[in-house]
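First to last, the protein sequences are chains C and B.
Take 32 as the starting number for the first sequence in my numbering and just add one per residue.
Take -8 as the starting number for the second sequence in my numbering and just add one per residue.
Among the hints, erroneous ones may be present.
Simulated restraints, written as ranges between beta carbons of each label pair [unchecked claim]:
1. C/V391 x B/A664: 51 to 57 Å
2. B/T633 x C/V392: 40 to 46 Å
3. B/E853 x C/P378: 53 to 59 Å
4. C/I96 x B/E853: 40 to 46 Å
5. B/G742 x C/P378: 23 to 29 Å
6. C/W451 x B/D776: 40 to 46 Å
7. C/K365 x B/E853: 48 to 54 Å
8. C/K365 x B/A664: 23 to 29 Å
9. C/W451 x B/T633: 28 to 34 Å
Coverage of chain B stretches by chain C, computed from C-beta distances (three or more under 8 Å per stretch; other residues unrestricted) [stated by the list, open to error]:
10. 766 to 772
11. 785 to 793
Straight-line distance between alpha carbons at most 20 Å, and here's what the computed SDA-like set of lysine to any residue pairs gives [claimed, not checked]:
12. C/K324 x C/V407
13. C/K324 x C/L467
14. B/K428 x B/G458
15. B/K490 x B/M310
16. C/K365 x B/E741
17. B/K428 x B/L903
18. C/K339 x C/F399
19. C/K365 x B/H450
20. C/K365 x B/Y785
21. C/K324 x C/G107
22. C/K365 x B/D368
23. C/K365 x B/R651
24. B/K620 x B/E636
25. B/K722 x B/L649
26. C/K365 x B/K428
27. B/K722 x C/T111
28. C/K365 x B/E258
29. C/K324 x C/F399
30. C/K365 x B/P678
31. B/K722 x B/R830
32. B/K671 x C/A404
33. C/K187 x B/L120
34. B/K671 x C/K187
35. B/K722 x C/G107
36. C/K365 x B/G34
37. C/K339 x C/A404
I should point out that these hints are in silico values taken from the structure, not numbers from a laboratory.
Note that the structure is predicted; figures quoted are calculated from it, not measured.
We treat Cβ as the ideally placed atom computed from N, Cα and C, and that holds for glycine.
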Amino acid sequence: MSGAPEVLREYGQPGAAPVIQGRHTYGSITDKIADLALERRSGRSFWLALGVTSVLAVVFAVSLIYLLVVGTGIWGLNNTVDWGFMITSYVWWIAIGNSGTFISAFLVLLRQRWRSSINRFAEAMTIFAVAMAGLLPIMHLGRPWFAYWLAPYPGKMNLWPQWRSPLEWDFFANTVYLILSILFWYLGLLPDLATLRDRARHRWQQLTYGLLALGWRGDARHWHHYESAYRLLAGLGAPLVISVHSVVSIDFAFSNLPGWHSTIFPPYFIGGALYSGLAMALTITIPIRAIFKLQDFITPRHLANLAKLMLACSFVLTYTYMTEMFTAFYSADKFEIATALDRLTGPYAWTYWLTIFCNVVLPQSIWFRRVRASPVALLIITVIINVGMWTERFMLIVTTLHRTFLPSSWHSFVPTFWDWSTLIGSLGSFVLLFLLFARFFPVISMAEMRRLNVRVSGVDR
Amino acid sequence: MDRREFMKLMSAALALAAGGCAHPPLEPIVPYVDGRDEGATQGDPLYFATALTQGGYAQGVLARSDRGRPTKIEGNPQHPASLGASSPIEQGRILELWDPKRSHAVLHDGEIASWDELMTLLSLRLERLRPSGGAGLRLLTLSSSSLTEGSVMDAALARYPQARRHRYEPINQDNVHEGARLAFGRWLEPVYHFDRALTILSLEADFLGCMPGRVRYARDYIQLRRPDAKSPMSRLYVVECMPSLTGAAADSRLASPSSRIGDLAAELAERLASGGKTSSAWLETAATDLQSHRGRSLVLAGEGQPPEVHALAHRMNDMLGNIGRTVDFIQPPIEVRELAGDSLAALVADMHAGRVDTLLILGGNPVYDAPADLEFDRALERVPASIHFGLLVDETAGRCAWHVPAAHELETWGDAKAFDGTLTIRQPLIAPLYGGKSALELLGLLTGQLGFTSHDLVHATWLARFGQERFDERWREALRGGVVPHTATPFEAAEHLGKAGAPAAQPPTPGAPPIAAGETLEIVFRPDPYLWDGRYAQVAWLQELPRPLTDLTWDNAALMSPTLAARLGVRNEQIVELELGGRTVEAPVWIVAGHADGAVTLPLGWGRTAAGEVGSAHGANAYALRTSKAPWFARGLRVTPTARERTLASVHDHHRMLGRDIVRSATVAAYRAKPDFARKEADLAPPPTLYPDYSYPGHAWGMSIDLTSCIGCSACTIACQAENNIPTVGKEQVLMGREMHWIRVDRYDEGPVTAPRSAFQPVPCMQCEHAPCETVCPVEASVHDTEGINVQVYNRCVGTRFCANNCPYKVRRFNFLRYAEDTPSLDAMRNPDVTVRMRGVMEKCNYCLQRIVRARIVADRENRDLHDGEVLTACQAVCPTRAIVFGDLNDPHSQVRIAKSSPRNYALLGDLDTRPRTTYLARIVNTTEEEPG
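Here chain C stands alone, though its shape is the one from the complex (with noise of 0.2 Å):
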């Protein structure tokens, strides 16, 4: 061959972008993609990286355990708003774990094969980010420590949960789902495991990946039954992307406020969570791709599908806010029509103008070509609209129980310490966690990228 960078295409697809660039072979993505996690002494950025994380983290830990200690007041809650940056916190985190299962799940299913170089980390976020949003609420709740009572099980006092509550649909549609999420993630991870396992020099990682590999030996039916389990995965992972989100959103829709009493919540809460888990999956690629250096496998062609989806979204996203502003005054109902004037006029009308800059106006850069071939302009667009969706969740809870049908119960919700520091510690928490697991696992399917390989130049070869 010549010096030209041989260029592999996908698979039925002439003449699309390339999806991995590269002279590479299948020792040379193994190689690459293995000894990232096995054999590269980390640098000095991953360093500084796990610092600072680590120290958000024990923000993170400091911040629940005074919260253990001396309770819900700590935040900046009240009886008229009682919930507050926790409950926008965990719609915020649910959703980005939504991403990871639809680039996994749905784009399996719709075999779009440029999804194999980023579904191993979008699943990690989503297990990072379903965690998040598991343990937000519960440590929201006034006693945390009897959070099980929302599980049916059988007690001497046979008590039984409450199945009218959308809480109760939340507490199954986020174990399901982040049960499913691992399992995903886990069953994807085998033969990469197996291939650590064997690549190991170490006794230490020769155990601990051949523990996690189960016995994985390539054996025909070994790829046979893999196959068939994650398709099946796959297939029931999808409705699950649909239905977590439906049912968060009902966490609000059952309610009978203005401002959340509402039949749109559903796609809506679905198109912010493909929008922000999509968001949130450029914003984490990109620095991840200039890091361990993984442009070969994660080209421009991917962020730049990415960022069409998310253009897409947020056409979706445009529309359910003006469905919903053109509903509350259609409804001629005062109460809706009153929280509709509040989120534009209010108080907290600045997160509804925010919103609406970050969410509909700033995306719309995407249409440009340059903005999507410059990662560094992505990033910082993904990282507005991640900003975007957190302020959209906190407008949806704050400005729809500040003031609801009595004007004398009427009261604002101002953050406390404790709240920002639950913030910043829960994101920074995730981000550590995502670090670990980029240091000690391969980033990218290499089973997968293999494949890949064999798929598009095996016959030119």
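Chain C is fixed; fit chain B onto it per the hints.
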């Protein structure tokens, strides 16, 4: 240790604990029984009739006693000042009793000393004063109507003829007494009959909020405010400076600086006497209305108005033929030998002059609350021996050589008169918790009867009065019922009174020309509705109870109208310096809609410096500006804004209904024309539902709240707090919006901010039949019981708070922190029938479920069904105007069913289809205009 041994030790420990801190009084006390046997089963609460006094006037109460521990105050149905109801202050006094910061020991110069030491020292001193007849010996007490205290004091002064007694109350009846003297030539007190008056004009007389007899007056007043009754509705005109409960109840209210009210009264009197025209339409309307109800009208003046205004009021009543019909006069129930202000001034003059050798301060806190110009604290320095006697080591205790812990009124015997003179023998509920003494015991030293208890002295007084014959029976009967029958002071016969004389023709003092813009301002001092003159500052319940028209808790403020604030360029919470006659005090501004322009009101009772952790350092001390010449209002106030702020904890920030049908109201004319005006679609036919209705074969509890009757006094809020062990949370938490009151009193203003029409609305849990809280709780902590009450299962609550979010009425209260602290003495105060909630659980009103259970147990024991009115919720029991009715909706004859059958009945936010069991009766006002607001 085996189980038996453990039980033995435990019971021993319990017995010790019980014996160590609280035990019943030594002398026999007699429970109040309402058709039930005295020998109640062990563990059931007993009620004892007694009285609590304030300003010398008795308020009859029933104190609940749980195994010897007083836990709750109820009104005494037999007492004329109560009729079963009580005011927030009486409710709060149970906390005053159990306050762990009460004084525990005799102090000498701040060091712990003993009672015997003090007795020795005092005896020696008195021995030395004896030859001179007690010259230099002074007694300073609060106003009192006690027969025993009077006779003991007389006996003491008989032994020390040169000694003098002084009586002082910061919130006193001097103007009332002096006003009667101007009119009739002697000190008298009016007793009003609001239940007979169709037109009432109040000249800054807050008869619903702070007048002696206010609880009774509220009941009387509301008798003629029943729009469903056949009788006509009375009309209330109020002219006042700072909006009061009475002003809020008014059908027509005129805001005027206090100093101008005298002019208005003079003008009105002139108009009534000789016809002609008045300067304002308001006066004209009032005058016409008064004149058309001769003999059925009433003019009354408040204690803050000068004697001349009172005299004018009497004169107008005389002209209108009201004396003997809507107002009568009696000898003052409290002992009046000289006016309180004069009495204190004379004492302080002697103190300054060094003529006081031994001063016994037997009540009150003059270092804090004496008029600033008297400089009481400096005078006190010139007194060689000063002895303070009080519940707390307060400001005065800190300046006196000696301090003696006083016993609480619920710990001692005594007697006192109600506003109408009816006598009550006060019996204690408990032996002094902290070894306090009664003032009577201390006085025994002077009479040479040392060692006599308050019981002995009261007993002796009544033995003399009742006589030997049937004494025990009469004594027991008086204790049992809480009143000595037929002791109301007889009314002065009209012919005996003579014609109410006209006061001097010139305008009342201080002369007050109409206010022009840019003029100096006026400062007005009003009692704090709950802290009173400051004596209840350590009672956290009263600190945290929102003031009716300012919604402030834990602070007072310089209250002013929006117009004045704009003119001064100040905003809410900005600290201003108030300067009056060279004295200054700093207070944050709080803008009050409806306040008179040209005046600033600074409530009394704040800025305490030695009222314990709870009471100190809240608000600004108005006494620093209050002088003996101008105790209620003064002109010449200068207001200087500063750049600083003080955050004020107001519980409601919004008072407009914004077109929502929250408080539905109409004029009486509009109501008679269209009785079902308040009913909206949802009240007539509830929207369809998917869930089947529950059936309630037994009882189905429900409540009705009459917004026409509610005067906004907040007694319900605090009675609920006492009944249900509701914690206070402190200023910081109130600021964060976390106050815990289960029933709150909302206020909505309609009309212009300069003259708003206020309506109060008590909001407890509505006990919705379709409760939004129940469907969202994932653990079934919020459920319906078989009698329709939406109960909160504290043990099951995990604290998701979705229920509170989803509650349209926002009546759910969350324990964000550990509010119910473990203070041993406060534990003893708690209602044993009600769980104390831990941190992290939701709580709310449950129709006093514990009272229903108690009543049911009694009924079951007697093998009968509950009858209507047997269960009173705490809020219902305390309500002076009986605005709250509770009962069984299944009983076709129950009061609540009758109330709900009124066309005024409506459900708050009924179109949400929550189907609340608590509904409201629309507010009917008797304005002259067409439609209110």
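Regarding the pair C/K365 and B/H450, is the alpha-carbon distance no greater than 20 Å? 67 Å, violated
C/K324 paired with C/L467 [C-alpha distance capped at 20 Å]: 17 Å, holds
Given the hinted pair C/K324 and C/G107, is their Cα-Cα distance within 20 Å? 43 Å, violated
Keeping to a limit of 20 Å between CA atoms, is the pair of B/K671 and C/A404 held or broken? Not satisfied, since the Cα-Cα distance of roughly 61 Å exceeds 20 Å.
Compare the distance between the alpha carbons of C/K365 and B/R651 with 20 Å, and conclude whether the hinted pair is satisfied. 8 Å, holds
Quick check: does the Cβ-Cβ distance between C/V391 and B/A664 fall within 51 to 57 Å? Since the Cβ atoms of C/V391 and B/A664 sit about 53 Å apart, the hinted range of 51 to 57 Å holds.
Does B/K620 pair with B/E636 here, judged by a C-alpha cut-off of 20 Å? 32 Å, violated
Tell me if the straight-line CA distance from B/K722 to C/G107 falls inside 20 Å. 15 Å, holds
Cβ distance range 23 to 29 Å for C/K365 and B/A664, holds or violated: Holds, since C/K365 and B/A664 (Cβ atoms, about 27 Å apart) stay within the stated range.
Straight-line alpha-carbon gap C/K365 to B/D368, limit 20 Å: 60 Å, violated
Please work out if C/K324 and C/V407 have their alpha carbons no farther apart than 20 Å. Given pair C/K324, C/V407 holds - Cα atoms ~15 Å apart, limit 20 Å.
Between the alpha carbons of B/K428 and B/L903, is the straight-line distance 20 Å or under? 58 Å, violated
Comparing the model with each numbered hint stated earlier shows that hints 4, 14, 17, 19, 20, 21, 22, 24, 25, 26, 28, 29, 32, 33, 34 and 36 do not hold.
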